[in-house]
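Enquirer: Starting from the given sequences, assemble the full structure and let the hints guide the process.
When we follow our numbering, the leftmost residue of the sequence shown carries the number 924, and every step to the right adds one.
It should be emphasised that the hints constitute simulated quantities derived from the structure, not laboratory data. In this text the structure is predicted, and so the values were computed from the model without any measurement. Don't be surprised by glycine CBs; every beta carbon is placed ideally from N, CA and C. Some hints here could point you the wrong way.
[Claimed, not checked] Here are the simulated distance ranges between beta carbons:
no. : residue 1 : residue 2 : range
1   : GLU963    : GLY1042   : 33 to 41 Å
2   : ALA1257   : LEU1085   : 35 to 43 Å
3   : PRO978    : ASN1129   : 56 to 64 Å
4   : ALA1035   : TYR1150   : 39 to 47 Å
5   : VAL975    : PRO1027   : 19 to 27 Å
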Amino acid sequence: MRQETPEQPAPLRSGYTTGSCATATSLAAARLLLTGIVSEVAEIVLPKGQHVPMPLVFCRLTADGAEAGTVKDAGDDPDVTHGAIVFARVRLLAEPGVIFRAGPGVGTVTRAGLTLPVGEPAINPVPRKMMTEHLTELAAEHGYTGGFEVTIGVEGGEELALKTMNPRLGILGGLSILGTTGIVRPFSCSAYIASIHQGIDVARANGYMHLAACTGNASEDAMRAHYGLPDIALIEMGDFVGAVLKHMKRAPVERLSVCGGFGKLSKLAAGHLDLHSRNSSIDLERLATWAAECGADDALQAAILAANTSQQAVALAHAQHVPLGDIVCRHALAVARDIVPPQVAVEMFAIDRQGNLIGAAR
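Expert: Here it is as structure tokens:
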């Protein structure tokens, strides 16, 4: 589960996706079968044309084929797969083409709504395309007219997958092999945003049209208790409320409940769509102004301006019966309604640090 928002160090070094790792290892294993060459490095071409040499930790024959592995290097991105060994096992087939299998640590799709059919290994379309292109080119170079069976695995992947959204998305048994560019940009969070979109798509495909987008565990618990929603209808959006709201244009639902800590909701109310402290901050002056519009006297406004945290500010307001939680939710709702299509009924909920609902707007 994603926590509300850990602070992260500044990004530095890019890395490579599991899709790039799978491409390099499948190429090395296939080359060993076709040429007898044991590679220490496999050079691949990424979708945008960059040539990347990827070091291998093993490349060897097996009883019925060959296998190769590489250590996943995510650069300075806090990727759950960083340091894991991604490997490919390749067998030659009589008929041309490439068949993909899920090896140990790679999941299988069990729910509709993803880009892959139910029953397929969780190897996404771009990595499949990368592997197919590299293997097809290798076959042509060596006059090979048969095909390849490619099994991709990740050591420890089944345990690592429990730290991802895969179980909730219906990807069981391990990780997904991901990537669209082949490169991991530190803290770009593109994979996380993609998983948010997938979560919405899977829920819709399985008939759930009331979703709750939550910033973390406490807000999920609040929505689970308030509505009795199942896990599939709870979207772990973290700080990326904009990713949820904008995706409603492509994949609308009947009802969207957005729930988060009061401070994060106050950022949305101010128009911010990325709620992380790196990219947006809490505006106590704005909170004081909104409180004044609902009857806060000068002393309360000054106390809000001097508050150490947004939670202290809302507690001060509520102690004087100024409904600052509801006010912030109303402003956040207005921001959301400017983004989502009109057929989506949106509502906002704010919670305190104990997970209690302290504001709502519909």
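Enquirer: Enumerate the violated hints, using their earlier numbering and listing them in ascending order.
Expert: The structure breaks hints 3 and 4; every other hint is satisfied.
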